[in-house]
Amino acid sequence: MARAHVEEPPQTRLGDGTIARVVPSAYTGGYELEVDGTPQSHVDLDDPTHLHFEYVARMGAVIDQLRMPGQPLTAVHLGAGALTIPRYIAATRPGSRQQVIELEQPLVDLVRENLPLPKGASIRMRIGDARAGLSRLPPAITGNVDLLVSDVYAGAQTPAHLTTLEFYREAAALLAPDGVLLINVADGAGLAFARRQVATVSAVLDHVIVLAEVQTLKGRRFGNLVVAASRANLPTEWLPRLMAAGPHPAKVAEGSEVREFARSARIVTDADAVASPKPAASLFER
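So in the working numbering, the last spot in the sequence shown is 286, and the numbers never skip.
Hint data in this document are derived by calculation from the structure and do not stem from the laboratory.
Heads up, none of these hints are tricks.
Below, simulated EDC-like cross-link-like pairs (lysine to aspartate or glutamate); rule was C-alpha separation at most 16 Å, straight line: (1) K251 <-> E237; (2) K218 <-> E257; (3) K218 <-> E254; (4) K119 <-> D46; (5) K251 <-> E54; (6) K218 <-> E260; (7) K119 <-> D47; (8) K278 <-> D36.
Label pairs and their in silico Cβ distance ranges: (9) P72 <-> G37: 34 to 42 Å; (10) R259 <-> V214: 18 to 26 Å; (11) E7 <-> T269: 44 to 52 Å; (12) A26 <-> G70: 30 to 38 Å; (13) P240 <-> P177: 24 to 32 Å; (14) E170 <-> R259: 18 to 26 Å; (15) G17 <-> R112: 16 to 24 Å; (16) H161 <-> G17: 19 to 27 Å; (17) S264 <-> Q71: 37 to 45 Å; (18) T142 <-> T18: 30 to 38 Å; (19) L117 <-> A192: 36 to 44 Å; (20) T142 <-> D109: 26 to 34 Å.
From the three backbone atoms N, C-alpha and C, an ideal C-beta is built for every residue, glycine too.
With these hints in hand, go ahead and build the complete structure from the sequences.
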């Protein structure tokens, strides 16, 4: 009996030899971008406001609190993935001007061809290292960025040079006086890496909150923590209620709780930085 032909998903090889591919989501509508077998992004072309990954939904909840509802933002994104957050902002805040810095041209080409951006979205793609790319942005953007998202992964790890005091100072220099830095931090038991990240960001920006699933925030399992930081008070009034609603209850840590979370953690510098912990492969088994 002849075997049925199974069409291979669209894919490309990245600069480090890993394979990126776009596959239909097995559990919800839309598609997922996988890199080296690690799910990195989910996109619903029919509904860009559908944020399937929980940590991305937490980022969206923070973004929703910025400015007035629907008001356009000036945003910079470090790491493209499948452009989930830029699509979300374009849909919820028409007229926003967004810059995306991504190291891998083949990844950008794969996503654009198979998960096209909405027409009319002002999303400028720039190819290069995320940190080096900060200094290559238009000069007028310095001091005027409402939102800077750092969500860069090489495989399943954040590169070391994007975790340091020096890096966060460079990123913060782009922010408007009330602009917000959003960081995706992945860590496991004990949260040693995440605690150092919060201590480092807190040395640059005065107001810091951490959003995560409760067991992750307690350091009992590997997961993603969203760190939001600003020179100004962060708009957190509605966040605790949103985070507690589920489907997996999350928590918003702020004030003294954040200070306690980072207490005794050493600030990360360019001289001693390491990449984020690599999760076990079993974490992504379906």
